[in-house]
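Enquirer: Residue-level listing of the chains:
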Amino acid sequence: MPSSLDLRVERLVRDLAPQVVGAVVRRFHDFASSEDAVQEALVAAVTQWSRDGIPENPRGWLIQVACRRMTDYVRAETSRRAREAAVVQESGLTVAPGMDGEPALDPDDTLVLLFMCCHPALTPGTAIALTLRAVGGLTTAEIAKAFLVPESTIGQRISRGKQTIKASGIPFRMPGADERRTRLSSVLHVLYLVFSEGYTASAGADLHRTDLSNEAIRLMRELHKLVPDNGDVAGLLALMLLTDARRAARTGSHGELIPLDEQERTLWDRAAIAEGVALASAALSKGAVGEYQLQAAIAAVHDEAARAEETDWPQILALYGMLMRITDNPMVALNHAVAAAMVDGPNAGLALLERLRDDHRLRGHHRLDAVRAHLLERAGDYGAAVESYRAAAAKTTSVPERNYLMSRAARVQET
Amino acid sequence: MKYMLIMNSPRDGYAQYMKWPRKILEANVAFMQAFSKQLKEAGELVSAEGLASPEQARLVRAGNDGKPITDGVFPESKEFLAGYWIVDVDSPERAFAIAAEASTAPGGAVTAADGRPIEHFWIEVRQIMSSHKDVV
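These protein sequence lines are chains A and B, in that order.
Heads up, the first sequence is in numbering that gives the first Met the number 0, so the first residue is 0 and it goes up one at a time.
Heads up, the second sequence is in numbering that gives the first Met the number 0, so the first residue is 0 and it goes up one at a time.
One should not assume that every hint holds.
Said to hold, decoys possible - DEER-style ranges, computed between Cβ atoms: (1) B:Ala56 / A:Ile325: 55 to 65 Å; (2) A:Leu266 / B:Gln55: 43 to 53 Å; (3) B:Ser130 / A:Leu225: 16 to 26 Å; (4) B:Ala26 / A:Arg354: 51 to 61 Å; (5) B:Ala51 / A:Ala43: 38 to 48 Å; (6) B:Ser35 / A:Ala43: 24 to 34 Å.
Said to hold, decoys possible - Simulated coverage check for chain A against chain B, where a stretch passes if three residues somewhere in it have a Cβ under 8 Å from a Cβ of chain B: (7) 118–126; (8) 142–156; (9) 398–404.
Keep in mind the hints are simulated off the structure, nothing from the lab.
The structure displayed is predicted, hence computed values, not measured ones.
We treat Cβ as the ideally placed atom computed from N, Cα and C, and that holds for glycine.
Use the sequences and the hints to build the structure in full.
Expert: Structure below.
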């Protein structure tokens, strides 16, 4: 069990990480090496501060240590080049004088860093690893542990991501106003992926386990502070909070999945729900309504029902109707069919599913079969329901989900 | 998403392997090493293992007293697991591309019954199940 000082140190170091990276990059104009230097400084801080206490100016401490590493690196690099070429060349790197002075801090650095790490030129896997390290302040080992891959694999992803950034000439600068919109949407996509990855169904979670959902929420909060008026940002933060609020109720004592309508709602996190609802309502009132706001609004309607029977399904159906007008995502159409079934009966839902039968994007996906199984069960067609549950179980790639679908099939068969 | 790329070997595959000419053997080893290195550098490798010859394989089960009972290799098996790679990639297409490249390993070409050489051997690609639930 980590001590409270350990936890405070870890939290502080992570909060400061992006600002420190920003300050060092500004001074040395070399993102790849600066980020490495900051990573070393963060690791040193965790060890030293946990032992000796947190220094008076923790940010200054981190910047100074990282800059010292950078200076060593630049010197080594310069003399290496000098040896190789036998001529002292302009290395492109500058050793800034006055290491004692603190480089200028810019509150927007975190945002600039997010734009850089989530750049669309990077593959999702790379963007995620880079964002978690440079912006989230996680160590390579922690990221590797969270994704269950070797540390060297994450290390390579990060260094390749940096190479891509360098090769594409992506500058450490705030993108222009017209570019910001598309760039922000890739930031949101990456943070959404981090959140989903952490949406684990495992019971008795290890306290030391790097919690990706919490990390995604923390980074979303930072982002929301920087762009408070953006409806998509508020919407996604609300969606994460409203989804994560059900965490304790989502799995049983053996890690088995518990569907929304059977969850023990007193276990839901009321504070997170209140915060999410407030954010979602504020975001909805801000005009242009995007996908994340609507998803958050739907999650809010679910979370506000004290009992499953009290769920305002007509409102959810209307929200899915709006969502379908702005996206042709077949998963949205599937959920729309579920809502229609709750309002107009299972046959109405089954009729809507028929239209999705030939959607090639759903081919081989278990959700279509899973939804059909639920609706057939509700319609009383048990034989067909069992068949669909098993078809879904054969297709899912998630162990808890497969277990859930199999036991559901067995339960229906025995009725 | 993680995939296991499985290399199966026919029953006499190991015996054949032992008889490969030195040139092919060396080319195969070099290919496998370079291939693993490349996957590692791409940040895609989770693990890769080759299995010892099936001659050394044992079938094991618990007897009524709970103690292990061992037996030799199942005589009816036609194929054995020779080795595998586990990769972590962004799409199934990427896993297929890696498998296709692995299938070009020197020495892997199989000769059909009529003496016609078949270019590359098959790699079985299977997705590894996660313990995560999809976000609805």
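Enquirer: Run every hint past the structure and note whether it holds.
Expert: Against the structure, the hints:
{"no.": "1", "hint": "B:Ala56 / A:Ile325: 55 to 65 Å", "in the structure": "holds (57 Å)"}
{"no.": "2", "hint": "A:Leu266 / B:Gln55: 43 to 53 Å", "in the structure": "holds (52 Å)"}
{"no.": "3", "hint": "B:Ser130 / A:Leu225: 16 to 26 Å", "in the structure": "violated (34 Å)"}
{"no.": "4", "hint": "B:Ala26 / A:Arg354: 51 to 61 Å", "in the structure": "holds (54 Å)"}
{"no.": "5", "hint": "B:Ala51 / A:Ala43: 38 to 48 Å", "in the structure": "holds (44 Å)"}
{"no.": "6", "hint": "B:Ser35 / A:Ala43: 24 to 34 Å", "in the structure": "holds (33 Å)"}
{"no.": "7", "hint": "118–126", "in the structure": "holds (count 4)"}
{"no.": "8", "hint": "142–156", "in the structure": "holds (count 10)"}
{"no.": "9", "hint": "398–404", "in the structure": "holds (count 4)"}
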